Amino acid sequence: MASATDNRYGQKESSDQNFDYMFKILIIGNSSVGKTSFLFRYADDSFTPAFVSTVGIDFKVKTIYRNDKRIKLQIWDTAGQERYRTITTAYYRGAMGFILMYDITNEESFAAVQDWSTQIKTYSWDNAQVLLVGNKCDMEDERVVASERGRQLSEHLGFEYFEASAKDNINVKQTFERLVDIICEKMSESLDAADPAVTGAKQGPQLTEQPAAPHQDCAC
Amino acid sequence: MKLEQKNWEDRKNDFCPLDLGLFQALERERVLEVLQRDKALRTIDADRVRRLRVELHGLCLQTSRIISRPFGQRSCARCQRVLGKFWDCGSVCCGCSHRICNRCQVVRSAHDWKCTVCHAYREFKIKSGEWFLEQQAKKFPSVKENSETTGDKMLQSYQRLSFIAVVPPTPPPFYNPPSFNRLEEHKKPFTKSMENLVASVSAHIKKLSKSQNDLSEVAGQLTVDHGHMMYSRRKSLSDGAINRALCKVPSLPILSTAQSTSTSTLCLTDDDVSSTSAYSDDQRDSNSSTGMDSVLFENTISVTGEIEVVLAYNNRTSCLEITIKACRNLMFRDTKKKCHPYVNVCLLPKKCHNFKMKTAVRKGKNPVYNETFTCVLSADLLSSAVLQLSVWHSRGLKRRLFLGETLIRLADMDLEDTDSQRSLCCKLNPKAPQLGGDAELQFTSVLLLIQAQFHTLPHNNTQTHGVLLGAPGQLTVLFTDVSKLLSVSKTAHFEGILCLPGHRELVRKTSALKKTDGSIRMSFSSLSQQELQQATLTLNLWEKNCLLTSARLHKESSWQHLQRMPGVWQEFNLQLQVVQT
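Listed in order, the protein sequences are those of chains A and B. If you count the first sequence from 1, position 82 lands on 82 in full-length UniProt numbering, and the numbers rise without skipping. If you count the second sequence from 1, position 548 lands on 548 in full-length UniProt numbering, and the numbers rise without skipping.
Simulated from the structure, these hints should not be mistaken for laboratory data. Treat the hints with caution; some may be incorrect.
Unchecked claim - Listed next, the in silico BS3-like pairs over lysine-lysine satisfying Cα-Cα at most 30 Å (straight line):
1. Lys39(B) with Lys139(B)
2. Lys125(B) with Lys173(A)
3. Lys60(A) with Lys125(B)
Since this is a predicted model, take the numbers as computed values, not measurements.
Hey, can you work out the whole structure from these sequences and the hints?
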């Protein structure tokens, strides 16, 4: 099953160059909060209850249509354990957006959100877009982190907030679509902000042409 | 979710430090796989970006051709169409500041429009991700170099490790030598233990063989034991003779003093013969298997033959002269080879004498020696000495073979009285038996060896005792060889009671026998000669307030013997009787 899937994705990756954008997204958070299950639910629409700790780093590719554009997503899955930190932080630099995940049944994973946020600011670009996601919202009976607390923390950090469940496929697609949207907005903003620089660069050669225009007006 | 947490806990428990090396290797494999997939994806994307760049370049070239116009005429910078003075005069692009006609404008909003070239460039940035790299460069100036180099560096370094780890099949070569050494280490102790096992099995077999030999020897000794007690020359033992020997044993106490001395000699002789046999056994123990075969041969054969010897004692020089004349009918069954016999001559017990000689080696079963040996021997020791003559077959460097031996008690020869010679023809016997017979044990255990001495003391007028008749004296009793006789009881002690006429009793006690290894002394004083005539000496053996055995010395002849030779030690053999409760 896994090998067949890999072959299919391999062929798709090698032949598929017909896309408009390519975004790189990184999923980070404490170990065992459900990062890998979240990614598998979105990319393969599958869920495995058995826990297998991620070794180092992994990624999956998915192409979506958003706002009449074909966007190819390379979604990186990281290992939450401390001993893989040197490998995972190397990929913060290349990520355009982040999904910062915690487990609503695990107080420790929520307490670590602040530390993960500091890492994003340290290793990533200044306008990185981050979504705070509280996973395993289907386990309401074992909830230890209230939704209100998560929302307050996300506002404090400047992130958007979602509660999701990889197991029950709650808010998984919405999370990724929202992240793509805010990345597109940030892309347009950065391009528009760069236009005056381009204009400034272009104005040099055109200075000689501007005196000619008033001249024409004088003739009129 | 509970199942997931449970699996996580199981995972933690399963982790053990021994697998850390292998686990890290597996981790590297996983990371390398991901890096290679990422590299492939980046290659595809780079190809796409290159195509986008080519399209953009083509568009720029197409619109960059400048057609010269007469000065004063205006045209569109993109399509080169002539613009009018009042109508269709075009606008200036906000991006490139060129005048652009209406058809070449890309309108995004009422106040935002760009020319086709500027718009295409913007789209290129979006599609290629150039916008992100520009943003990244603000924070990380050398981001391009770092981004490419980091991934490629990791991939290259890990590829080298991967090559080392993957090429050989499991286990990797790094672990092969230790496992090989471990196997070798396992083999060596096994080999050594096997060798030890084989050696122990061989030793066990030897022990079994030896124990069987010992049983044979003991049986032989038991058979000859009675014969030895009834020592006689040129006389074969019969059942009647053996029965007579057994009947005579209880009547030993009634023997005279001289016969008691003879009995003492018998005991000593048995002890020394036992030590001699032990010595021979020691020699046998150190022999090889050939020697063991010889021992078997020796035990199973019957000894025949005689030895002729002449004994004489010279009172003037206190020398004993032993002449070995000849041997006859020696036992030697190897018909292929000749017999080379010689005779060993020694006096027993060896503690008193250090005399040991041997004759020359002769040939044949009837050798003639005519050799005389002389040894210094005082008349006192003559009665307690035993002459041992043993015949051996000499085989050069090989071990000698035993052919027979004989023991001659010199007390029976009456050598002190006369100067004449005693010519004997003794039968050769097998090895002397050890203390194995029951009669022997009883005979030995019921005798107590003591030495007694009586001497008079100088007359002292200051003594208040006027009752004593005659000269006062002192009786001293010496217990000899106590440890050998009473080895079973270490806390035993002797009590001596000397009963004198007139209801007088002198009581003495000795210390525990274990404390004294040699002899124990007991003295009785304030004693007169006349009282000694009617005295009775009782010796009791006690152990923890329990009387074991008792012995009495009450014969007039014994006391007379002591009085006749004052100051001289006299030996007595007292019979120890078990006290019945």
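Hints, one by one, checked against the model:
no.	hint	in the structure
1	Lys39(B) with Lys139(B)	holds, 25 Å
2	Lys125(B) with Lys173(A)	holds, 27 Å
3	Lys60(A) with Lys125(B)	holds, 24 Å
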